[in-house]
Amino acid sequence: MTSANRLAVLSCAALVATTAAGCASATKAVTGGDSNGAITMGTTNVTTVLDPAGAYDAGSWMVLNNTFQSLLRFPAGATVPQPDAAQSCEFTGADTKTYHCTLRSGLKFSNGHPLTAEDVVFSVQRMQKIADENGPSSLLSTIQSVEAKGDGEVVFHLAAPDAVLPAKLASAAGSIVDHQVFPADKLLENSKLIGSGPYKIDSIEELAGGHQPGKVVLSANSSYKGDAKLQNTKFALRFFSQADELKTALDKGEVDLADNSLEPTAAAQIKADELAGKGDLKVAEGDGAETRFLVFNAKDPVGGNVAVRQAAAQLLDRKAMARDVYANTVQPLYSVVPTGITAHNTAFFDRYGDPDLNKAKKILTNAKVATPVKITMTWSRSRAGADELELVKKQLEAGGLFQITVEQEPNWDAYKEGWKSGKYQAYSVGWTPDYADPDDFITPLVVDGGAFHNGWDDPKISQTLVPESIKSTDRTAGGSYTQIQKLVAESAPLLPLYQSKSFFASRNNITGVESTMDTTGVVRFWEIGRVKKK
Numbered sequence: 014m015t016s017a018n019r020l021a022v023l024s025c026a027a028l029v030a031t032t033a034a035g036c037a038s039a040t041k042a043v044t045g046g047d048s049n050g051a052i053t054m055g056t057t058n059v060t061t062v063l064d065p066a067g068a069y070d071a072g073s074w075m076v077l078n079n080t081f082q083s084l085l086r087f088p089a090g091a092t093v094p095q096p097d098a099a100q101s102c103e104f105t106g107a108d109t110k111t112y113h114c115t116l117r118s119g120l121k122f123s124n125g126h127p128l129t130a131e132d133v134v135f136s137v138q139r140m141q142k143i144a145d146e147n148g149p150s151s152l153l154s155t156i157q158s159v160e161a162k163g164d165g166e167v168v169f170h171l172a173a174p175d176a177v178l179p180a181k182l183a184s185a186a187g188s189i190v191d192h193q194v195f196p197a198d199k200l201l202e203n204s205k206l207i208g209s210g211p212y213k214i215d216s217i218e219e220l221a222g223g224h225q226p227g228k229v230v231l232s233a234n235s236s237y238k239g240d241a242k243l244q245n246t247k248f249a250l251r252f253f254s255q256a257d258e259l260k261t262a263l264d265k266g267e268v269d270l271a272d273n274s275l276e277p278t279a280a281a282q283i284k285a286d287e288l289a290g291k292g293d294l295k296v297a298e299g300d301g302a303e304t305r306f307l308v309f310n311a312k313d314p315v316g317g318n319v320a321v322r323q324a325a326a327q328l329l330d331r332k333a334m335a336r337d338v339y340a341n342t343v344q345p346l347y348s349v350v351p352t353g354i355t356a357h358n359t360a361f362f363d364r365y366g367d368p369d370l371n372k373a374k375k376i377l378t379n380a381k382v383a384t385p386v387k388i389t390m391t392w393s394r395s396r397a398g399a400d401e402l403e404l405v406k407k408q409l410e411a412g413g414l415f416q417i418t419v420e421q422e423p424n425w426d427a428y429k430e431g432w433k434s435g436k437y438q439a440y441s442v443g444w445t446p447d448y449a450d451p452d453d454f455i456t457p458l459v460v461d462g463g464a465f466h467n468g469w470d471d472p473k474i475s476q477t478l479v480p481e482s483i484k485s486t487d488r489t490a491g492g493s494y495t496q497i498q499k500l501v502a503e504s505a506p507l508l509p510l511y512q513s514k515s516f517f518a519s520r521n522n523i524t525g526v527e528s529t530m531d532t533t534g535v536v537r538f539w540e541i542g543r544v545k546k547k
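Under the numbering used here, the residues of the sequence shown are numbered 14 to 547, in order.
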């Protein structure tokens, strides 16, 4: 999923609560890390829609992963999904086209309604029927039909082999909704959401107009049946429009912890202060699977020239970007599949090695490309702001082979429309995975133009290697993904820049943050606790 729109967290005058709460409670929510004892986390991963059928961004999925159950889930540190609402799930045929799940007994939604196979079927059919253009229904596109067998069994019939289905169902796209509450053909407003996860939603304080949450307050769901062991009874997620606003709130004690949204230099300084024994903050550092790319428009005369893309790949210095721009809060990335995900390799480094001006010049000369190559690179949002592409500009222009213009499109919606319409020659975009499987970095990014709509497609990848790879039920094996990564590096339709580290900052009395930092991208609120005062 790509980054969501930012929103401004406004004053009490602009905040309204979707539950029965007055301005006094709204003021308390905005100004403190203590919403009636709640642990408060800040993030810039803002969102607008929380209904699972229309929610497809990091901010909404953080809420859904904690308030809804799916048939399966990713436990901490795991890349293979395990049962959640299900007691067991398995493919029943060698062709990976029939998937059977048996539910746990006694499942209930937070409103007391029983959760049965009927709700699972309803959830899938509802998402497919609504097919919200901003939602995750595409992840369930291989499901031809789904049926309930009594209250406790569900059978999925697939239109094509899809061994990745368990991982997809383990994502927030597999959230099970109450068929007695959710309408079958339209989204439910945020204030009425009901799930069966570890937490229930107590209140959503929204910006004026009721479209964008400023804060979501959760409490332990007494009806929850699952394996999560809650280390807190109340948790709040507060949304910020800018990283510097989040840092200020952290410094003032208005939030107890911040996710990976802090500016790189701010995160690095907190780490340095911690090592020096200064302040009341600490940093938990771990794996992450969020990636960032420089994408070329394959339909543009310049960006569509493979020699131009290969020369750029030959000059790019990822180590310098991680060090000089991101203060080592990211790591260099040399393939579309990141470190920590099955089948990851270093295809770009294997082909291009270290930056080499002479090799880049030879690539352009052999292809009879006149230099300097003039190309405009566009960005919209970045943790490092303009510094990211300005460094790429400096690296590519150093030997006189390129002449780069860097431009920003500040409006995120306009930016997305721009790359969809082929407006940009090259542009930088981040990718947050939907589930911990190599397919989620291949099919959405390099098949038929991918989510970034760059117009590039390799028939060998899209028509042969991807269909082969998704048939294998052994998701721990590399399969065809090794060859796919090699082909992407050869043509370089997009250049992997870096892979984010999980770099969460918290107050010294906050515990358990390390348990929710891994390549699944799932932030497990229930793992986070607070040291009690003696």
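Please note that a few of the clues may not be correct.
[Said to hold, decoys possible] No more than 20 Å apart at the CA atoms, straight line, and that leaves these computed lysine to any residue pairs for SDA-like: (1) Lys546 to Gly266; (2) Lys545 to Arg520; (3) Lys545 to Ala233; (4) Lys238 to Gly165; (5) Lys295 to Ala285; (6) Lys242 to Thr529; (7) Lys295 to Asp264; (8) Lys291 to Gly266; (9) Lys514 to Glu298; (10) Lys110 to Glu146; (11) Lys199 to Glu146; (12) Lys546 to Ala161; (13) Lys121 to Gln100; (14) Lys374 to Ala281; (15) Lys406 to Asp337; (16) Lys407 to Ile417; (17) Lys514 to Ala285; (18) Lys499 to Pro457; (19) Lys429 to Gly67; (20) Lys372 to Lys499; (21) Lys433 to Glu422; (22) Lys121 to Lys199; (23) Lys387 to Asn341; (24) Lys484 to Gly468; (25) Lys407 to Glu503; (26) Lys372 to Asp337; (27) Lys295 to Val315; (28) Lys429 to Lys238; (29) Lys514 to Gly398; (30) Lys121 to Gln282; (31) Lys433 to Gln416; (32) Lys295 to Asp330; (33) Lys199 to Gln138; (34) Lys436 to Gln416; (35) Lys110 to Gln141.
Please keep in mind that the hints were generated in silico from the structure rather than gathered at the bench.
Against the structure, the hints come out as follows:
Between the alpha carbons of Lys546 and Gly266 the distance comes to roughly 17 Å, so the proposed pair stays at or under 20 Å and holds. A threshold of 20 Å between alpha carbons decides the hint, and for Lys545 with Arg520 the separation of about 13 Å falls inside it, so the pair holds. With a CA separation close to 18 Å, the supplied pair Lys545 and Ala233 stays within the 20 Å bound. Straight-line distance between C-alpha atoms of Lys238 and Gly165 comes to about 15 Å, which keeps the hinted pair within the 20 Å bound.
This hinted pair checks out: Lys295 and Ala285 have alpha carbons roughly 9 Å apart, not beyond 20 Å. Between Lys242 and Thr529, the direct Cα distance comes to roughly 13 Å. Compliance with the 20 Å bound is thereby established for this hinted pair. With a C-alpha separation of about 12 Å, the suggested pair Lys295 and Asp264 falls inside the 20 Å cut-off, and the hint holds. Between Lys291 and Gly266 the CA atoms are separated by roughly 16 Å; this keeps the pair inside 20 Å, and the hint holds.
Between the alpha carbons of Lys514 and Glu298 the distance comes to roughly 7 Å, so the proposed pair stays at or under 20 Å and holds. Under the criterion of a C-alpha separation no larger than 20 Å, the hint pairing Lys110 with Glu146 is inconsistent with the structure, at around 26 Å. In summary, the hint linking Lys199 to Glu146 is supported, as the alpha carbons are separated by about 12 Å, within the 20 Å threshold. Only pairs whose Cα atoms come within 20 Å are accepted, and Lys546 paired with Ala161 is rejected, the gap being roughly 50 Å.
About 14 Å separates the Cα atoms of Lys121 and Gln100, which keeps this hinted pair within 20 Å; it holds. This hinted pair does not check out: Lys374 and Ala281 have alpha carbons roughly 37 Å apart, beyond 20 Å. Pair hint Lys406 plus Asp337 holds up; C-alpha atoms about 14 Å apart against a cutoff of 20 Å. Distance restraint check for Lys407 and Ile417: the Cα-Cα separation of roughly 8 Å lies within the 20 Å cut-off, and the hinted pair is therefore satisfied.
For a cut-off of 20 Å, the pair hint linking Lys514 to Ala285 stands: about 16 Å separates their Cα positions. In summary, the hint linking Lys499 to Pro457 is supported, as the alpha carbons are separated by about 17 Å, within the 20 Å threshold. With a C-alpha separation of about 17 Å, the suggested pair Lys429 and Gly67 falls inside the 20 Å cut-off, and the hint holds. Straight-line distance between C-alpha atoms of Lys372 and Lys499 comes to about 19 Å, which keeps the hinted pair within the 20 Å bound.
The hinted pair formed by Lys433 and Glu422 meets the criterion: a straight-line CA distance of about 14 Å does not exceed 20 Å. Under the criterion of a C-alpha separation no larger than 20 Å, the hint pairing Lys121 with Lys199 is inconsistent with the structure, at around 23 Å. Distance check on the hinted pair: Lys387 and Asn341 sit about 30 Å apart at the alpha-carbon level, beyond 20 Å; violated. For the given pair, Lys484 sits about 26 Å from Gly468 by alpha-carbon distance, which is inconsistent with the 20 Å threshold.
Taken as a hint, the Lys407 and Glu503 pair is broken in the structure, with Cα atoms around 23 Å apart against an allowance of 20 Å. Simply put, Lys372 and Asp337 have alpha-carbon atoms about 24 Å apart, too far for the 20 Å limit, and the pair is violated. Among the hinted pairs, Lys295 with Val315 is inconsistent with the structure: their alpha-carbon atoms are about 46 Å apart, more than 20 Å. The straight-line distance between the Cα atoms of Lys429 and Lys238 is roughly 40 Å, outside the 20 Å bound, and the hint therefore fails.
Annotation: proposed proximity of Lys514 to Gly398 holds, straight-line Cα distance about 18 Å (limit 20 Å). Proposed proximity of Lys121 and Gln282 is contradicted: the alpha carbons are some 45 Å apart, above 20 Å. As the CA atoms of Lys433 and Gln416 are separated by approximately 25 Å, the hinted pair breaks the 20 Å bound. Taken as a hint, the Lys295 and Asp330 pair is broken in the structure, with Cα atoms around 30 Å apart against an allowance of 20 Å.
With a CA separation close to 12 Å, the supplied pair Lys199 and Gln138 stays within the 20 Å bound. Our distance criterion of 20 Å between C-alpha atoms is met by Lys436 and Gln416, whose separation comes to about 19 Å. Taken as a hint, the Lys110 and Gln141 pair is honoured in the structure, with Cα atoms around 18 Å apart against an allowance of 20 Å.
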